[in-house]
Amino acid sequence: SAVISQKPSRDICQRGTSLTIQCQVDSQVTMMFWYRQQPGQSLTLIATANQGSEATYESGFVIDKFPISRPNLTFSTLTVSNMSPEDSSIYLCSVETGGYTFGSGTRLTVV
Amino acid sequence: GDSVTQMEGPVTLSEEAFLTINCTYTATGYPSLFWYVQYPGEGLQLLLKATKADDKGSNKGFEATYRKETTSFHLEKGSVQVSDSAVYFCALSLTDSWGKFQFGAGTQVVVTP
Chain L
95 SAVISQKPSR DICQRGTSLT IQCQVDSQVT MMFWYRQQPG QSLTLIATAN
145 QGSEATYESG FVIDKFPISR PNLTFSTLTV SNMSPEDSSI YLCSVETGGY
195 TFGSGTRLTV V
Chain X
12 GDSVTQMEGP VTLSEEAFLT INCTYTATGY PSLFWYVQYP GEGLQLLLKA
62 TKADDKGSNK GFEATYRKET TSFHLEKGSV QVSDSAVYFC ALSLTDSWGK
112 FQFGAGTQVV VTP
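In order, the protein sequence lines correspond to chains L and X.
Going left to right, the first sequence walks through residues 95 to 205 as this note's numbering numbers them.
Going left to right, the second sequence walks through residues 12 to 124 as this note's numbering numbers them.
Worth double-checking, as some hints may not be accurate.
Interface residues of chain L toward chain X, partial, derived using beta-carbon atoms under 7 Å [said to hold, decoys possible]: (1) SER136; (2) TYR194; (3) SER198; (4) GLY199; (5) LEU202.
Simulated coverage check for chain X against chain L, where a stretch passes if three residues somewhere in it have a Cβ under 8 Å from a Cβ of chain L [as the list claims (entries may be wrong)]: (6) 20-31; (7) 114-123.
Since the hints were made in silico from the structure, they are not lab data.
The beta-carbon is built from N, C-alpha and C at its ideal position, and this holds for glycine as well.
Bound-form chain L, shown alone (with noise of 0.2 Å):
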């Protein structure tokens, strides 16, 4: 299965603020995928990140406050925009290429 390196694995950021969230991966995908994991709480669907077309945001997401960009076919970049304490969780892509594997994450305060 792939290898994915995210970066950072964690940040505290100022309210206000914007953070880009890198997504590399070891081998050649078609699908990226972005997901949030609140405090408590489940994984939940960003969106989804195709390289060439604009990614699909899942409801209750919307691309000015996550825009994402997937340049290539190993990298995807999710950023937080305008942050509000609200956005504190983890996030976390993921990939599948014979087998499903997750980044380990970025944990984002929001102070």
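Guided by the hints, dock chain X onto chain L, whose structure is given.
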């Protein structure tokens, strides 16, 4: 819509006890079913999976059988260790939505010596 329901935690057990975590699902198609584990401070790891009815997934002493008739995928381990303390997530993925998961709420398991 598709959903996964799993038993609430925390589940507290003594070492060597038997563990069961119930998971049921609703899905419009034919899902694959998964158990993921999240150890403290770490990311999500695939524990086991089953892709069709009556399949049994197993790994590290954990087992789960895909029961279509009861729409269930209960996780079991015969003798838990302190190192099994973690949060366990049941999840499904539909065959036409590979890589997109619907997760249960997670069940925290605490194993005491």
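Status of the hints after comparison with the structure:
1. SER136: Holds: closest Cβ of chain X sits about 4 Å from SER136/L, inside 7 Å.
2. TYR194: 6 Å, holds
3. SER198: Holds, about 4 Å.
4. GLY199: Where the cut-off is 7 Å and the nearest Cβ of chain X is about 5 Å from GLY199/L, the hint holds.
5. LEU202: With a minimum Cβ separation of about 14 Å from chain X (threshold 7 Å), the hint on LEU202/L is violated.
6. 20-31: violated (count 0)
7. 114-123: holds (count 4)
The earlier numbered hints that this structure contradicts are 5, 6.
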